[in-house]
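Residue numbers (this note's numbering), protein chains in the order written: chain G, 249 to 379; chain P, 34 to 357; chain X, 5 to 404.
Treat the hints with caution; some may be incorrect.
[Said to hold, decoys possible] Here are the simulated BS3-like pairs of lysine-lysine, each with C-alpha atoms no more than 25 Å apart in a straight line:
1. X:12 <-> X:208
2. X:38 <-> X:289
3. X:12 <-> G:265
4. X:316 <-> G:355
5. X:288 <-> X:276
6. G:299 <-> X:377
7. G:315 <-> G:325
8. G:369 <-> G:355
9. G:355 <-> G:325
10. X:276 <-> X:38
11. G:299 <-> G:362
12. X:180 <-> X:213
13. X:96 <-> X:170
14. G:321 <-> G:299
15. G:318 <-> G:265
16. X:23 <-> X:208
17. X:377 <-> X:53
18. G:319 <-> G:299
19. P:102 <-> P:91
20. G:299 <-> X:181
21. X:12 <-> G:362
22. G:265 <-> X:181
23. X:248 <-> X:96
24. X:322 <-> G:299
25. G:299 <-> G:265
26. X:288 <-> X:316
27. G:276 <-> G:299
28. G:330 <-> G:315
29. P:69 <-> G:265
30. P:69 <-> X:213
31. X:248 <-> X:289
32. P:87 <-> G:276
33. G:265 <-> P:65
34. G:315 <-> G:299
35. G:276 <-> P:102
36. X:96 <-> X:288
37. G:276 <-> X:170
38. P:87 <-> P:65
39. G:355 <-> X:213
Worth flagging that the hints you see were computed from the coordinates, not collected in a lab. Here the structure is a predicted model, which means the values were calculated and not measured.
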Amino acid sequence: MTRPGAAFSELLRSLTKRSATVLYPYEKVDVPSDFRGRIEVRDDLCIGCSKCAIACPADAIEMAAEKGEKKIKYGGKEIPRKKHPEVNLLSCIRCDVCEEVCPTAPKAIYITAKFSGASDKNVILVVPTVP
Amino acid sequence: MDAWLVFLYVLVFPGIFFLLGYSFFAEWFDRKMYAKMQNRVGPPLVQPFADFIKLLSKEDIMPEGVEAKPYNVLPLFAFAAVATSFIYIPTFMSSSPVGFQGDLLLVLYMLTLPTIILFLVGWYSHNTFATIGAYRAVSQLFVYEVPLFIAALGPALWVKSWSVSDIVSWQQGNPWLFLIQPLGFIIAIICLQAKLERIPFDIPEAETEIVGGPLVEYSGRKLALFRIATDMLMVTGASLIAALFLGGPSVGFSLDSLPFWAAGVIGFVAFLLKTLLIVFLLSFIRAAFARLRIDQMTSFGWKWLASLALFQLFLVIGMRMVVQ
Amino acid sequence: MRSLAEMKIPIGPQHPALKEPVGFMVNVEGERIKSLDLDVSYNHRGIEKGVEQRDFNQSLYLIERICGICSHAHATNFVKGVEELMNLEIPKRATYIRLIVGELERIHSHYLWVGVAGHEIGFDTLFMYTWRDRELVQDLLEIISGNRVNYAINCLGGVRRDLSEKTINLALDHLKKLGERAIYYTRLATTEETMVGRLAGVGKLSHEKAKTLGSVGPTARGSGVDSDVRRDDPYLAYADVPFKVITANNCDVLGRTIVRAGELAQSIEMTKWALENLPPGEIKKAPPRSAPPGEVISRYEAPRGELVHYIKSNNTDKAERFGVRTPTMANWPSVVEGLTGQNIADIPIVVAAIDPCLSCTSRTTFVDTDSRKSWVWNWDELRNYSIRWYRENKGIYWGD
C-alpha cells in the first residue's frame, strides 16, 4: 500500500531536533582512547633492532644511523644503539604492526590517538623523542 | 502617482533592488529549512549572496561552435521577464501603481518565459545533456502550465476582474480566497514547484541523470544571472500565490484608520510572512519526495492536477452563480 | 534510418551518478535506451601483483585496501584461505569476533546503500537520514577496531583486539537503535509512493537471466535466486548463528531493496546473538612461518555478493599467485541486461542497485613500459587468446 508523504512526520519532527552535524573543527570530535592515530618513538627505550622497519607493510620506517654514542637499558644491561627508526607519517597506514613486533616493554614505538594535523611538506618524519 | 515615485517603485522598492535582496533571503530560507528538515545545520545567511558573487568572478567559457549572440543574451531575457512581472504584484499597498486590467495574464505569461528560455538555452548549447534537459523542460511545461492557469483563473472569476491588484483589494474585507478555493491553492503550489523545477519535479535538471540539464555549459556571469532569475521566479511565484489566495499584504481587518506608512509597514510584514510560508511549503515538498520520471510526471499532471483544477473551476463557477 | 531523436550519451567515466569511474556509452531514442556498451577498465591498481611480493601478514594490509566498504570481507577471506592452507585451527572466540565485525560491516554497507539509492533517485532526505544513523555503526567499529574504515582487526591466526564488557554493552545499545531505524527505512522504502514509483518495474532481471548472467548477492536474491555463501558453505561461526536468507520475487530494483532491508534486520539480529554468546578463550594462535604448497579457493559473502579469492602457496611466507573475483564484477552484465529498453532516468538507480564498488571490480590491462603505452582487451580477444594458448601449450582445444 503506497501513499505519498510517508516521510512527512519525520520531516516535521526534525525541525525541532538539534542538528546532527559536528561543526568540526570548531567543535572537537571525541575518539576512543585506542584509536589508531600517529606513531611516536621513545628515544629512551628504543634499542634499534629494526624489527619495526622489517614488519611495516607500507615501508614507512627507515633505520637511520645513530650520530654519536647512545646507550639504552634493555634486559638489565646497557647496550649501544647503532640506528634508530624514522617513520614517514605520510606513508604510515596506522596499522600498529610496528608496536606489536617491538621487543621492549613498555613499547618504544607506539601509536597515539592523535589524528589531526595537516602539512604542506611531502615527507613528515617522526624521530625518537623523550615524552 | 508622480512619475518619480513610480520610478522609485519600479527600481528600488519593491522593484529590482528589493526583489534581488528578497530573492537572496528567500533562497537562504529555503535552504535553511531544507537542511533543518534533514537534521543538518544549513548555510549561513550570506551564503546565496556569496554564491552569486563567486559565480560572477568565475571564467565565462563558451563552447566551440555555439552561436555567440543568443548564447550570451538569453540569460538576460530570463532575468528581465521575471523582474518585470514582479512589479504588478502588490507588496505593501492593496494595489500596485502600475496595475491594469489583464495584468494577471501578463504576469502568468512572463513567468512562462524562463522555461522557454531554458529550452532555447539547452538547444543552443550543443551538448547532449543540455538537449535532453531542454526537451524534458518543454515536456514538463506542457503538463503543469494548464493546471496553473486554471487554478489562477479561479480567483479571477470569483472577483470578476483580471487584475491582481483588484483581487488583493477584494480580499481586504472579505475572506481570503484559499478558504473558498482550497483545491486551487494546493494545485497552485504544486504547479509552482513544477515551474521552479525543484524536486519532485526537477526532471530537466536531474543532477544524477543528465548532470546539469540545459544549464550544463553555462558558467560565470551567465550562470549567476540564471540562478538569480530562478530565485526571483520563486519569490514572484510565491508572491503571486500569496496575492491570489492569501490576500497579499492584507490583514484580516481594515487598515484605513492608520496613517499611510503604518498601514504600509503592517501590510509589508504580512506580505513577507505569507510569502515565507509559501516558500516553507515549497521546501517541505522538496524534502519529502523523490524525483519523478518524465512519464510519471505526465500521467500525474494530466490525471490529477489538470482534472482537479477543472473540477475546482466548475465549483467556482457553480458557487458564483449560487451566491449571485 | 536514424530518427531525429537518436543520440549517443556518454555516462561516465566522470558523472554525478557514479561514485567511481566506469564508462557507459548509451544509445537512446528520446528517453528510451536502445543499447549500451560497458567499459570497466579504469581502476587497475596492481594489487594482485603486489601481494606476490609481500609476506602474508603484510599483504593482509594491502588486500584490506582493495575496497573501503568491503575491506573486512577481503581481509577475512584472504586470511581464512591462508589458514586453511596452513591447516591452522583458530580459537572460537576469534571466529566470533571476525563474524561480529563482518556483520557490522554489512550493516554499515546496507545503510550506505539505502542512502546512495535515495540520492540517485533524488530523495536526498533519505540520504541524509541513513548516513546520520550509519554514524552509530561507524562509532562502534571505531571503538572495536580503532578506525572507521580499514579495521585491521585480522591477523594470521586470529584477531588482534578483544572485545571488552563495556564495548559489548555499548554495541548492544547501539544495535537496538539501529534496529528501530532499519524498520523505519524499510517502511519508507516500500510505502513512499514516489520512491516506489522509481524502484518498481525498473532494471528487470528475470530469474533465469540472473542465473545465466552469473549475478550474485542481493542482485540475484532480488530475483528469487536462493543462494548465500553463509548458509551454503558456512565459514567462521556462521554454522552456529541462526539466520534466514532473504529473497524476493520482484525481479527488479524494488526486490533488491527489499532484500537489502531484510538483510539489514537479519545482520542486526546476528550481531546481537554473537555478542551475547561470545565464547571465552584466546583470540589468536601463533601461525607457522610458511604455508605448505597448495591452492585454495576461499569464498565469503560480502555485502555485495559472493567474493572469491584464489591463493596459491609454495612453501614460502609469500603467496605465489593471488586472484580475486569480486561480486561487482559478476553483477555488471545484469546492469546491461536491466537497462536495455528502460529510460535514461533509470540509469542511476539501476547502476546503484547492484551496489557497484568499482574499486572491487577486477580488470586486466596491458602495459608496455618501453613504448609507454597501455591498452585493454575486450571479451572476444581474451577468449580467443585463451583458446589459442591452451591449444598450443596443452594440446587442448576449448573452442567451438
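Now the hints, each set against the structure:
no. : hint            : verdict
1   : X:12 <-> X:208  : holds (23 Å)
2   : X:38 <-> X:289  : violated (57 Å)
3   : X:12 <-> G:265  : violated (47 Å)
4   : X:316 <-> G:355 : violated (36 Å)
5   : X:288 <-> X:276 : holds (23 Å)
6   : G:299 <-> X:377 : violated (40 Å)
7   : G:315 <-> G:325 : holds (21 Å)
8   : G:369 <-> G:355 : violated (28 Å)
9   : G:355 <-> G:325 : holds (17 Å)
10  : X:276 <-> X:38  : violated (47 Å)
11  : G:299 <-> G:362 : holds (24 Å)
12  : X:180 <-> X:213 : violated (38 Å)
13  : X:96 <-> X:170  : holds (21 Å)
14  : G:321 <-> G:299 : holds (18 Å)
15  : G:318 <-> G:265 : violated (60 Å)
16  : X:23 <-> X:208  : holds (23 Å)
17  : X:377 <-> X:53  : holds (19 Å)
18  : G:319 <-> G:299 : holds (18 Å)
19  : P:102 <-> P:91  : holds (20 Å)
20  : G:299 <-> X:181 : violated (44 Å)
21  : X:12 <-> G:362  : violated (51 Å)
22  : G:265 <-> X:181 : holds (17 Å)
23  : X:248 <-> X:96  : holds (22 Å)
24  : X:322 <-> G:299 : holds (18 Å)
25  : G:299 <-> G:265 : violated (52 Å)
26  : X:288 <-> X:316 : holds (24 Å)
27  : G:276 <-> G:299 : violated (36 Å)
28  : G:330 <-> G:315 : holds (8 Å)
29  : P:69 <-> G:265  : holds (8 Å)
30  : P:69 <-> X:213  : violated (44 Å)
31  : X:248 <-> X:289 : violated (32 Å)
32  : P:87 <-> G:276  : violated (30 Å)
33  : G:265 <-> P:65  : holds (14 Å)
34  : G:315 <-> G:299 : holds (20 Å)
35  : G:276 <-> P:102 : violated (53 Å)
36  : X:96 <-> X:288  : holds (9 Å)
37  : G:276 <-> X:170 : holds (23 Å)
38  : P:87 <-> P:65   : holds (20 Å)
39  : G:355 <-> X:213 : violated (57 Å)
In this structure, the earlier hints numbered 2, 3, 4, 6, 8, 10, 12, 15, 20, 21, 25, 27, 30, 31, 32, 35, 39 are contradicted, and the remaining ones agree with it.
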